[in-house]
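Start from the sequences, fold in the hints, and give me the full structure.
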Amino acid sequence: MTRGSRFRNFAIGSPMVWIAVFVVVPYLIVVLFSFLTRNPEGIVTWILTLENYRELFSPVFLKVCMNSLVLALGTTVLTLLLAYPFAFILTRIDENIRRFLLVLMIIPFWTSSLIRTYALIILFKANGLLNTFLLSMGLISEPLSILYTETAVFIGLVYTLLPFMILPLYASLLKLDRRLMEAARDLGATSRHVFFHIVLPLTLPGIIAGSTMVFLPALGLFYIPDLLGGARSMLIGNFIKNQFLTTGNWPLGSAASVMLTLLMVMLLIWFFISTRRVHSGDMEAVR
Amino acid sequence: MKKLFQSAYLGFIFLFLYIPIIVLVIYSFNSSRFSTNWQGFTLDWYRVLFSDGPLMEAFANSLIIALVSSTIATVLGTLGAFAFCRYRFLGRRIMYSFVYILMMSPDIVMGISLLMFFITIGLSVGAVTLLLAHVTFCLPFVIVTVYARISGFDRHIIDVAKDLGASELQMFRHVMLPMLMPAIIAGWLLSFTLSLDDVIVSFFTTGPSFEILPLKIYSMVRLGIKPEINALSAVMFLVSLLTVTIAHFFFAKENK
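Protein sequences, first through last, are from chains A and B. To convert, take the position in the first sequence, counting from 1, and add 738; that gives my numbering. To convert, take the position in the second sequence, counting from 1, and add 3; that gives my numbering.
All the pointers check out, no bait thrown in.
Part of the chain A face toward chain B, derived, beta carbon under 7 Å:
1. Ala749
2. Val841
3. Pro846
4. Leu858
5. Leu867
6. Tyr961
Only part of the chain A face toward chain B is listed, based on derived beta-carbon distances under 8 Å:
7. Pro753
8. Leu842
9. Leu852
Think about it this way: if two alpha-carbon atoms lie no more than 27 Å apart in a straight line, the pair counts; the simulated BS3-like pairs of lysine-lysine are:
10. B:Lys5 to A:Lys913
11. A:Lys863 to B:Lys219
12. A:Lys863 to B:Lys229
13. B:Lys6 to A:Lys913
Hint data in this document are derived by calculation from the structure and do not stem from the laboratory. Glycine is no exception: its CB is placed at the ideal position from the N, C-alpha and C atoms.
This is the structure in structure tokens:
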């Protein structure tokens, strides 16, 4: 064996074995467990069943699921609406200021979301700054109780995940060829036309990437409702966590995880298809 | 008018992102324990923080895990990115899609899959399992960062090195590594912060025998607000701030 091929095997082998052992095998275990039976004593037995998936569609779980999906979708839409104009303006700013603003924008992205969630608690408390401010301005007559409501969870998700929407959008808007917009305008297109027929389709990969990076965590970030929402609002993440820590129903928790993974895979496939369409210069996409 | 509106919008979003953090930092110096009113400047909470033994131990544990896991992930990830780019091997495409799945997959799914894996192979949760888990979730970020830089290269450089008689290892060490260094450092820094900040995966992959800072903060916050957590959060924010600044410094140097 030559030195070259030994290095080759090492370079391929070590990361691939790691991924196989710590990613592929654990995922397979989850899939396997999602088909196993849990008997009334709570012990998991080797009887294959679809019961866990059926249970996921039972009214109780479906309610949690819908609640979580609506919350995640709302978070995605609001972050997208907030982030898109922001990223767009940022790409058109003078180079020197932009470099500084970019750093300013990346800092929250790199800051622990737990700490950022905690910061919101301080702001939202009954005697917190927000209420003190609103009271002193005379905008409200008694303190708002935001904390421990679904609204707090929603604001918490938007606040924590906004940077994850801004960055992919910014990257995608930066790549946008300005000449296409100018050309369209020269040919008589209105601003609205330029936006909906050129800018939006060409930045679709960024929109999908950002949405995926917001939507999936918004389903799973169990500590945000834990800290901001009391016990009332539950995410799919809280449900899965409870199956493992409180109820001990591994098969059901596994089945929910499999569904969550499938959702992610579908979003990823959508992302790759849209990226390919834009990059291959498929004008159908732009039209 | 349009410019003014645009600046106002940028300002609004930045305020939204920063006000909670800034308030938190200011409160960490407030001498009042319960009230929101400002009652004078103090460093007491920092003193309480740094004399809290278990908390400092959790902080040290977090730092050790972050340093070791990001280093292992960077070595493996750099090799992986190189392998994906340079070699054709069985399962290459499947493995590369797994890298993406791993990067995007919800933390909770990774957490429970690793928990079930560790229990299945009979490894009790603690420092070792936590380290393995952290390397695993950092790995794809290093691979993708380094891979992006390799794909920007002129492939002929590799051929030139080979033509001049370099072995694969020599080519990797003397040609690829120096050129990839900015991306490798960026990958390491990203891994370091990811590891230091992670809550969800760690929640499932460590036990009471090995406590780390984010989990400690999580359990403390659930019990209520304490001024020393404000101080701790301010310190953690400072760490992120420094990391981003260092990372930015490397990127700026690279772009010159």
